[in-house]
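**Student:** Here is what each chain is made of, one letter per residue.
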Amino acid sequence: MRKFEYLRPEDRARAVDLAANPDVKLLGGGTNLIDLMKIGVETPEFLVDTTRLGLDEIESRADGGLRIGASVRNTDVASDDRVRERFPVLSAAVLAGASGQLRNMATVGGNLLQRTRCAYFQDVTKACNKRKPGSGCPAQTGANRELAILGGSEHCIATHPSDMAVALRALDASVLIETEKGAETIPLADFYRLPGERPDIETNLPYGSLIVAIDIPAPRNGARSSYVKVRDRASFGFALASVAGVLRVADGRVAEVALALGGVAPLPWRARVAEAQLMGAPAEPDRFRAAIDAELEAAQPRPENAFKVTLARRIVVRVLNELAGATREGEAS
Amino acid sequence: MTKVRLTVNGQPWTVDIDPRVTVLDLLREHLGLTGAKKGCDRGQCGACTVLRDGRRVNSCLVLAVSADGSEIVSVEGLAGDSDLHPLQRSFLDHDAYQCGYCTPGQLCSAVGALAELEAGWPSAVTDKGSTPTLEPEEIRERMSGNLCRCAAYVNIVAAVYEVGRSA
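Just so you know, the protein sequences line up as chains A and B, in that order.
If you use the working numbering, the first sequence closes out at 333, no skipped numbers anywhere.
If you use the working numbering, the second sequence closes out at 167, no skipped numbers anywhere.
Pulled out of the complex, with its shape left as it was, chain A reads as follows:
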């Protein structure tokens, strides 16, 4: 690991001061950053520890939503009674990721900013446009089984690895940040960028940002939510495909729906095409299939990951069927 200086600011203002330096990396739980420093992908000169800035609370908002501090550990999100009651999809998504040890360490802010696990990105002996702009993307014709079918470009088809962010995307969460210019709220919808020609720029965070919290608006009345993840092993693996679903059915028709896909795109992929088809439609399996098929028309699978198109379709239909069934049971009782 390259030498660096470790700094532990005593408050947020000092952390924001320090963040305005291109040679600084902000340290959360370290589960991804320390690993990347060991393998030479990240080489900061200064490491600024953000875990002791008092950003470790989960608060109820007046509207019935929640504000989750950036340093709250993933474990504490998943096991919080308010999260489990109001946003079961978020608790489920967090628990579907990593291991018990890693969830005890990883912070919410760090989870949002974790990097892709694309093998080329993690291997400094290989070309990678995300790590070294302009060097090329061997994944296009190489080992791309785990990589993106939606939203990729000829420059990068890396997937965003987070489960948590997929649930947050379906829940219309926002990210609260502070910079030298003050506080700002960025909807998660605008937070991540598609790779295009600059896969090295992954977010729209302003220069020198400190993430301080995530806001989740109040749960939609009567809606059910769930997370389904498929991976190569039963536990402790990244998603080949996952879906966070939120659904409310009224009089047999879809009254509200939110679908976000994980493991298939460079960012948590909100399935807006499918949602538009579903709104007002009968809550029936054939309509669910037609809606996700319309979404996946944009898919550009590579030789090794064409199976993800089928996989994504099946898990979306499954989650919608489950949620529709739960809604019907709820109406009957």
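Because the hints were derived from the structure by calculation, they are not lab data.
This one's a predicted model, so the numbers in the text were calculated from it and none came from an experiment.
Check before you lean on any hint, since a few could be wrong.
[Claimed, not checked] Simulated pairs of lysine-lysine, DSS-like, Cα-Cα distance not exceeding 25 Å:
hint	chain 1	residue 1	chain 2	residue 2
1	A	K25	B	K128
2	B	K38	B	K3
3	B	K3	A	K25
4	A	K38	B	K128
5	B	K38	A	K38
6	A	K38	A	K181
7	A	K3	B	K128
[To be verified] Take a look, some chain A residues computed to stay more than 12 Å from chain B by CB distance:
hint	residue
8	A20
9	G28
10	L33
11	K38
12	R52
13	R61
14	S79
15	G134
16	S153
17	G196
18	G237
19	E256
20	D286
21	A290
22	R302
23	L311
The beta-carbon is built from N, C-alpha and C at its ideal position, and this holds for glycine as well.
With chain A held as given, fit chain B onto it using these hints.
**Tutor:** What follows is chain B alone, placed relative to chain A:
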């Protein structure tokens, strides 16, 4: 070099260390505690698992400087003043290992996993909204961060289950 104070297995330490030193390397290379093992050194195998302030973590990914002020317990400290921790006894009784390399991490992880279950923290296999109960399926899920290349998993689950049941 940075001055770091922490407690390891009940004993306070003050050390001057390079900020690159992880808790795992601090234990093994500076304090002579070689119980926690370096398997992958990337948070993927769990062999380095220790308890930090009562919670299990991968010590290979924790910088010692960021653990300043923490209480660390490694496999050497699990039993406290007694001969063996109940989980150590149970691993012996159930033959829950072959080569033993992953065992210190398995033991620390199991201590943490049972405490998390006891505290009512859900896992990916807990029914939505319910309180988790001690089941082999829960143990398998909660111990998934600890790999065993000898594949002693069946006996590890049995060993952890028995201690959880008798607690």
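**Student:** For A/K3 and B/K128, compute the direct alpha-carbon distance and say whether it is at most 25 Å.
**Tutor:** Between A/K3 and B/K128 the Cα gap is close to 45 Å, so the pair fails against 25 Å, i.e. violated.
**Student:** Is the Cα-Cα distance between A/K25 and B/K128 25 Å or less?
**Tutor:** violated, 37 Å
**Student:** Beyond 12 Å from every chain B Cβ: check whether that's true for A/E256.
**Tutor:** With a cut-off of 12 Å, A/E256 remains clear of chain B, as the shortest Cβ separation is near 19 Å.
**Student:** Against the 25 Å threshold, does the CA-CA distance of B/K38 and B/K3 hold or violate the hint?
**Tutor:** holds, 24 Å
**Student:** Evaluate the condition: distance from the CB of A/S153 to the nearest CB of chain B exceeds 12 Å.
**Tutor:** For A/S153, whose nearest Cβ neighbour in chain B is about 29 Å away, the distance exceeds 12 Å, so it holds.
**Student:** Please settle this one: A/A20 was flagged as non-interface, so is its CB more than 12 Å from every CB on chain B?
**Tutor:** holds, 21 Å
**Student:** Is it true that the CA of B/K3 sits at most 25 Å from the CA of A/K25?
**Tutor:** holds, 21 Å
**Student:** Over 12 Å to the closest beta carbon of chain B is the bar; see if A/S79 clears it.
**Tutor:** Violated, since 4 Å does not exceed 12 Å.
**Student:** Is the straight-line distance between the alpha-carbon of A/K38 and that of B/K128 25 Å or less?
**Tutor:** Not satisfied, since the Cα-Cα distance of roughly 38 Å exceeds 25 Å.
**Student:** Is A/R61 truly not at the interface, in the sense that its beta carbon sits beyond 12 Å from all beta carbons of chain B?
**Tutor:** holds, 21 Å
**Student:** Does the claim that A/G28 lies off the interface hold, with its Cβ farther than 12 Å from every Cβ of chain B?
**Tutor:** violated, 10 Å
**Student:** Is the claim that A/R302 lies outside the interface with chain B correct, judged by CB distances over 12 Å?
**Tutor:** holds, 25 Å
Hints 1, 4, 6, 7, 9, 10, 11, 12, 14, 18, counting from the list given before, are not met by this structure.
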